[in-house]
Structures are given as C-alpha cells and as structure tokens.
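Number of protein chains: 2
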Amino acid sequence: MSPPPPAAIEVEAVTDTTAVTIPDPFTAPFKPNELYGRRRKTEKSQWGVAAPVNTANFQLQKHDHKPVAKRWDHRMTHEALSREGASLKKAAKYLGLPGMISLGGGLPSSEYFPFESLSVKVPTPPHFSEPATAASGTTLHAGKHDLANGRALYDISTAFNYAQGTGSAQLLRFVTEHTELVHNPPYADWRTTLSIGSTSALDMALRMFTHRGDILLSEEYTFATAVETAAPLGVRVVGVPMDAEGLVPAALDALLSAWDDARGPKPFLLYTVPTGQNPTGATQGAARRRALYAVARKHDLFVLEDEPYYFLQMQPYAGPGTPPPPPPASHAEFLASLVPSLLSMDVDGRVMRLDSFSKVVSPGARIGWVTASEQVVRAYARHADVSTQSPCGMSQLVLWKLLDEHWGHAGYLDWLIHIRLEYTRRRDVILQACERFLPKEVVSWEPPMAGMFHWLRIAFTKHPDYPAKSIQELEEEIWLAGIEAGALVMRGSWFYADKTAPHDTMFFRATYAAVPSEKLQEAIRRFGDAVRVSFGLKKMENGVENGDAGKNGSEVK
Amino acid sequence: MSPPPPAAIEVEAVTDTTAVTIPDPFTAPFKPNELYGRRRKTEKSQWGVAAPVNTANFQLQKHDHKPVAKRWDHRMTHEALSREGASLKKAAKYLGLPGMISLGGGLPSSEYFPFESLSVKVPTPPHFSEPATAASGTTLHAGKHDLANGRALYDISTAFNYAQGTGSAQLLRFVTEHTELVHNPPYADWRTTLSIGSTSALDMALRMFTHRGDILLSEEYTFATAVETAAPLGVRVVGVPMDAEGLVPAALDALLSAWDDARGPKPFLLYTVPTGQNPTGATQGAARRRALYAVARKHDLFVLEDEPYYFLQMQPYAGPGTPPPPPPASHAEFLASLVPSLLSMDVDGRVMRLDSFSKVVSPGARIGWVTASEQVVRAYARHADVSTQSPCGMSQLVLWKLLDEHWGHAGYLDWLIHIRLEYTRRRDVILQACERFLPKEVVSWEPPMAGMFHWLRIAFTKHPDYPAKSIQELEEEIWLAGIEAGALVMRGSWFYADKTAPHDTMFFRATYAAVPSEKLQEAIRRFGDAVRVSFGLKKMENGVENGDAGKNGSEVK
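Which chain is which? The protein sequence lines are A and B, in order. In terms of my numbering, the first sequence opens at residue 32 and continues consecutively. In terms of my numbering, the second sequence opens at residue 32 and continues consecutively.
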C-alpha cells in the first residue's frame, strides 16, 4: 500500500476558471466558517425551513473540466427511475415571490415546538478527552429563532421542522466540503445527500439497483446485516475471495469472466468495505483499490463503497514492545496518510460512497451521507422524500453546531487524528494481548490497519476432533468454551456472504472498540485459555503455559 | 359523531388479575415518572446500550382476558415473513452473565462521543406559550453517564450509541402507556415500536403487505406522498368515495362486493387518515369508524390507520361571531372528547396505527410509533433493524427528557390541550375570513373539526368558461389567479388517489397551521378576490363587494 503524495491542494477561484494553487490551506490562518476563505456566497433562501438545496453550490473548486458521470439507467430499477419529485413541491417555486402568503405547505408553526433553546457541551480542540471536555469544554447554544434574528444560519425553528430528503443545506455544505477535501472526486457532476446512516443507505441502494433474483457481490466474509438486508429482497450475496488486503480483484475478474448464467444473472453490483472491513479488519491498499476499480470498469459494475471505518485508519503497527510512530504532524500529512478511496479514483461515476458519522461522532445521531453522480443522488433523495422523509433535524442541528460552527474543518480533522491515535492504542493493546495469551500454534492474525475488528484464524485441522467434527461443530465448541471462560467473541460463520457455499476456514471476530484495556487483555487471556482447552494444549498461568486446564474456567458461572 | 362516555379508567393490579377500577387517575396526586403509581418494575438491563425491549412489559393493565390478534401470514409479503432476527444478536443472551467481557458487538465506546452534556429549555406546564417558556421554562439536562451514575434512566452514552430497530425502552415505555391511556386496544397481544415517522412507516407497511400489481385503497382525495410512495412499488391506489365525514363505508363495501378482477387483484389493504384527513380536513365520527371497521372485517381488510392529526381535534365550531365553548375541564374530559380510534375498536388486530410526534411536538425529531399485533410489530422492528437501524437517539433522549422525566403523561396531556385550543383559534380565524371574504355563491366548505387543512369546494359548473374549459384548466386558472393576487393554496387535483379515474369535483386546500392570523385573513381575502375575478363576479373593497376587479391585484408582482 502506498499512500498518495502529500500534494498541495488545488483550489479554484470562484469567479475565475483558472486553477489557483495555494501552498497548504491547513497551515493558513483558519476561519472555521469560511474554510480558508474559499466558501462561496450561497443563496439565503436555502437555509430556511424545508428549503431545497443543490450541493454543487458548496463545492470549493470548479469541476467542469472533469468528465461527466456515466448514466446508470441500464442498472437502475423501474422503482428508482419512476420516482418523480413530490407533486406538492410544484408550488414551491412561487414561495419566493415578494409578499406571497402561503397557505400551501402543511408545516406546523414553530410556535408549537416546545423548545426554547438547546445546548451541548463539547470538546474544545485539541482537548478532546472526556476529562478535558468536562474541564475545558465549550457549550454551544442554539436558540429557537437564531436564523431570523441573524445570530446563526441554523436554529430550532428550522431544524425541528420538516425538511427535504437530502437533509439541510447547513450540514450538507459541511459534508460536501469535507468530501471534496478528502476525496476530490475525478468527475464533474458529483453530488452529496445526507442519509440516515449507511444501514438505510444500503437498503435504499438495493432498491435502486436490484430486482428479485439478482446477485450482490461482496467480500466472502461480510457485514451480516448486508446479507440480511438483501435476502428478503430476493437478492443473493455471492462472496469474492479475500486475502490479508481484503477482496482480491483478480478473483473478482475470474468470477465474472467465467460467469455461468445457470448461477443467475451476471452480477453488476458490488458491495465492498475497503477499509477495516467488517468482520475481517482487512484494508485494501491503494494499488489493490486501483486494480479493483479497473475490474469494475471491465465488467461495468456499479460499486457501493461502504466506508464507516475510513477514519479509523491507524498508525502503522510497530510490533510488540515497540512504541508507535509519531502522530501526523499536520492536517495535510494526516490526509495524505489515508488510503485513497474508490471515490477518489472514480472517473466514471460508478461508485456510490456511503459515509457515516456513526463510528467517529455518534451512531445515535443516525446521520451519514452519500456521494455519487447527480443522477444517482437525485434518485436517492427522491426516494428519501417518500420514505425516510429527512434525517433527524435535532441531530443535524447538533452536528452542525459542533462541526461547522465550532470546530470547522480543521477542528474536525484534529478530532479524527485524536480518534486515530485512540484506536491505535486500543489496537496495540489487543495485539500485545494476543501475542502474550493466544496459542500461536493454532491461532494466527494480521495486525489490523483500520477499523474496530481483530480477526483470529483458527487452524482447525490441528484440532484433535477434526475431521470427526465439522468446522461448524468445532467453531461452536470453541465459542461456547470462550463464553464459559467469560469471553464473548463473534463466530466467523455468522459473516459468510453465502452460507450455502463451501467454507474451509475458521475465524473469530474480536472488537477492541468497546471495552477498556484491562478488560480487553483479560478477555483475550480467557479466550486463549478456552482455545487451549479445546485443542488439548497446555494452559497458561500468569502468562506462562501450564497443565491445569480447568483452573481459571470457574471465574464465570 | 358521539364521543365515548367519560368513563372511569380501569387499571388492573400488576400482581393480580382482578380488574381494579380507580375513580379518575387524572385527579389523583400525580407522579410524572410513576404514572399514577401503576408503573411496573422493569428489567434494569433494558435501559442499557442497544438493549432489546418487550413493550408488553410497559402495559399498565393486564390484557390476557382479551382475544388474541389474528395472524396475517396470508396478507404479508415473503419479504416480511422471511426476515429473521439479526444473526449477530444470537450472542446477546450471553451478555448478562456475571463477569462476562464482550468483544462481540461492534459498538464504539462512548468515550469517543464528543458530547459531555445536552440541555434543552422547555415549557413548564401549564405555561406553554413561547413568551412564557422564555420567561419561566425549565432547563432539562442530560449528562453523558447519568445512567451509570444513577442520576437518570437515560443518558448520552446510551442514547447516542447504536440501538434496536424498536427504539429505546425509555421512550417506548412512555408511548406504550400513552397508547394504552388513549386507545386501550381490545385485543391481548398489542405491541408498540418506535418509527422514524409515519412517512417511513407507510413505506415499510407497503413492503410488508403489498406486491407489485396490488391495489391500495384510500380516500378518493388523499395524501399525495402516500400515492407517490406506492406508485414506484407498482402499487396502484384506488380511491373510495367520501362525504363530509370522510370515507364512506357503504361505498367501500359496494366497491369490494362488486369487485371486478379485471381491475386487478381484490384489494385487502386500506390506508385511511380518519381524523383531519389530508387534504380534505374530514374527520370520521365514531359511528362512521365503527361502520368502517365492520366493512374491514367483512372483506378481511388490513387497515393502516395514519393519525398524525389525532390530537389536532379542536373545540366544536360555534359559528361566526360566537365564542368557542370552554376548554376541557380535566384530562378525563379531554380524552373523552376525542373520537375513538380504529385501534380502540380493533378486536381482530387488523389495524396498524401510525402515530407521530411531528404535528404535536416536532417534525424534525423524526419520531413516531406504530401500534399493532405482536406479529406485525415484530416484522416491522426486524425490518427496521436492517433499514432505518433505529430512530435517532438524540431525538429520543430529548423527547424522553421532555415527555417522561419532565412533563409526564399529565403534563403531555396539558400540552395537547394547549395545542387543541391554539388550533381551534386558528381554525376559527380562517372560517371567519372565509365567511367574510369568499364568494359563497361559488365557494363552499365544512368547518374542519381536526387537523391543519381547510378544503374549499368550487362550484366550477357556474364558471362562465365551463364546459368550454375542463375542470383541470379552470382549476389551474383560479390557482394562478390566486398566486397573482399573492395567495398560494394547493390544487385539489394534486391529491387525487387515482389520477386516471374521472373526477367531477374541484377543490383547493388551504392550511391554517403555518401563518399568523393577519396573514391568514389577508390570504383568504386575496384568494376570494381571485375567485371573483375568475368567475366574473363583483370584487370586494374593505370587505364589501364592488365592481373594480383589478384594483387589489397589483399588490403583489
């Protein structure tokens, strides 16, 4: 994996089509609400209640010189293609006429929202820890009529009312700018829309692209919810072989090149989690992604790039006992350290990228966003208008206060660097515990480079009961032995993309995201004991192997 | 319409199957968090992060003596019936074991939610107006670890993390109790689940009950979004004739009894908005609802009862110049004044009721709830697990703080009475303006009893250009004349359930929910002028008819 060079970021003058290269916007004096002075003047009307928004207005550069995205009519469902804008919006164009009084839209008056103000206390960068926030946090305040009073661009009367399926212009501006800073999509007509999280975005994407009987491609071990979202729609998931870097492009090419129509219609939709994949923790390197994109072009695939863990990319693992390398020295160095996304390579507009605030801010916010071509984003937003209606306005207001008004892009990048270092620390704890407590003769692993998951491979063929007992039976036995010892992990078989396909591997998934270091170490110690007992290996005491297999098993009833 | 008698509410002892009648719980000393002392002790574990919940635990009475709901396997789709619980939840039952350390669920640590506390300033009952809230409101405070610290049952670390598709136990308890107080469903196994609003609930219900080619029944004028949700799914809406009380049950019976299979498969799903229907404002009386339910039983219909405007039932209209009757004197009198819901008559469990906080608290919260049989609610929640994931946790926390911790049921009913009186006032303003400014020889209306909408019938046959111009042409002409005069209303044809069916009525919809009184009056005056001009009638000046049709039209460019 080779990270992209830490190049200067090109920003174009808004009133000029000539590209202007500025040295490094991250070192320039920072104005949180003016994004290095490049924010465009935008239409006042779009900040209002349920106002429509065009996210092209928020792009910092001009993208007209880039190719236009391909059309996806040949891949999209009748359901998606047949959605027209809501008929009641036909009236909206008259709302801007001077003096017009509207008795049209059925919006309640904000007079009846029983909220006078809302406040959140949040970290003041760079003091991000819980104790630091308690001591030095900033309290952000939203009033009911801040927009009308000129105090802020977003308020309770706006955010707590109805909104568009796209979400509010306020938060969309922030995510559009963020997407451009991080990914700078290489086609002209890229757009963004908010989602209510990537679980919903996947469900909506399947309804946009698949019919009953279609096949969805994914990594051979994949997010169980993706399979469970697809199956009731009559969409079967077919897994693509993986290695330590995740999905293998050559295997995908081989699968599609030799596709036998007896298996079903040739697949055209790929669901992939390129970074810190769930459950394997695998991260596709830059070259791997370029190869994957080339295969997608060859077979005209449309790609759902689901990237909840993108900003859980960690510092390189330096090995047991070796201190981690120093953190990124600047925002530019941080961004340059990230594996380039498929979106950043997507000259065709064949990628729908799903981003989410769930892993880096709060899952309970139920706010994510989708980046794709104008055609795809429009279809998504039209569907949202008649299903999710719009993302939660309370969350949007809280996130906008935090991200745009308080932190700005620089503060948000500082936060992401903080998270990166925290996950690095946690990852290093679990790896050191695995080094110390797991029987390496039967358990092996790769150091995860991103995400929340550590993926433990079990050499099941060395089990004394193999082949008398099946992989599934042995997996269950080891899993229950872990539970008996007081350590709960997830069984790899729960993540099969296709449960009907033959499998000759055994894994367990352990997360290092949720529990503190001591518990993490203790759980790995217990799991190690359980594996030893199951395999009839010598058990450890105080980190040293001994023969008393039963001794520690009684800790948990 | 005859409201139900103001009966004492029966509450059963929790540890006893004998029904205990208590005189009037609303006059008893009120403990907001103890609901008249009847709240059950509930499992501590269900308040935690992503904890599963059984809403039967929150019911105040025993319902075992009631009939069990019918099964709906013959009506539900393969998609809905095939959904099983999320496979990763198989591990959840081990989480409660003492000493267990879980490396299972991929939940982020709340350490990385950048929120130390959240506060909202809300009205202190009974001082609900905006100025009173500014002056005397209560500030509610949620800390990050209130649950662990024993300070509250719900906090940031819980609400801002992942949750179940049902939503949190905390808010579900409130809506379950509220549903029981208001509707007391007459079957045993009724359950509730949160939704992300009724727009989503309708979309999910259609996926639960309809296949491509099916027909959805609704009022002949209906919520345009319902039609636009159904159409891309290949579901056609067929309208049932209405009168001033909304859908006519005999017409529904006739339609189904004489159903011609050439029109398509016989419909079995009815979408109805019984109270303050959008767009007509019509409210089905109690007898009308009983007749409708009988027709549903006769033809084995499943009913989607969409009731966003249920608590926008207003005081009876006393006529122009007559003061409205006094407000309800007690909570019991208020509840008794409400038209009984279909849910309250639903002995079969054939109704899925959609409730929403959008019209009475905040649309931006994106929180509603569904009440139906255990089978239907389970299918709904399983779908939510893999689509909406869960309702927004930030909203749930804010609503729980307001409704459960601060107001309690009594305070919430006080708020609903406040809203009732506010909408009564607004409705009376528009009715008086219509009496004064509309030409009654061509415009007629019924006083709305509920909701946000006033529905104006136009005697198009009296138009000088009829029948030379079609209904559609004349509707557009009048609508544009209104816009020219500076008054925007909605065209009735936008609400046709079935645009292909013949229509011989013309209506406009005006809402009295959104604008202040003076603007409401002015808009009706302008619309009246526009109608007069279009019909060639004499125009008014200062509320008196005159012959100068062009004079006031120049106010708006």
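Calculated from the structure, these hints are not laboratory results. In this text the structure is predicted, and so the values were computed from the model without any measurement. One or more of the hints may lead you astray.
The list treats identical chains as interchangeable, and a pair is accepted whether it falls inside one copy or across any two copies.
[Stated by the list, open to error] Simulated pairs of lysine-lysine, DSSO-like, Cα-Cα distance not exceeding 27 Å:
id, residue 1, residue 2
1, LYS97, LYS120
2, LYS121, LYS550
3, LYS121, LYS297
4, LYS569, LYS530
5, LYS550, LYS471
6, LYS570, LYS75
7, LYS93, LYS500
8, LYS124, LYS297
9, LYS120, LYS471
Tested hints:
In this homomeric assembly, LYS97 and LYS120 never come within 27 Å of each other (Cα to Cα): the closest approach is 32 Å inside a single copy and 46 Å across copies. Taking the shortest Cα distances, LYS121 and LYS550 sit within 27 Å of each other only across copies (22 Å), while inside one copy they are farther apart (58 Å). Taking identical chains as interchangeable, the C-alpha atoms of LYS121 and LYS297 are never at most 27 Å apart, the minima being 40 Å within one chain and 33 Å between chains. For the identical chains of this complex, LYS569 and LYS530 are neighbours neither inside a copy (34 Å) nor across copies (76 Å), given an alpha-carbon limit of 27 Å.
In this assembly of identical chains, the alpha carbons of LYS550 and LYS471 lie at most 27 Å apart only when taken from the same copy (21 Å versus 77 Å across copies). Taking CA atoms no more than 27 Å apart as the test, LYS570 paired with LYS75 passes in neither setting, with 69 Å inside one copy and 37 Å between copies. Proximity of LYS93 and LYS500 under a CA criterion of 27 Å is satisfied in neither setting, with 62 Å inside one chain copy and 49 Å between copies. For the identical chains of this complex, LYS124 and LYS297 are neighbours neither inside a copy (44 Å) nor across copies (40 Å), given an alpha-carbon limit of 27 Å.
Taking CA atoms no more than 27 Å apart as the test, LYS120 paired with LYS471 passes in neither setting, with 63 Å inside one copy and 29 Å between copies.
Comparing the model with each earlier hint shows violations of hints 1, 3, 4, 6, 7, 8 and 9; every other hint is respected.
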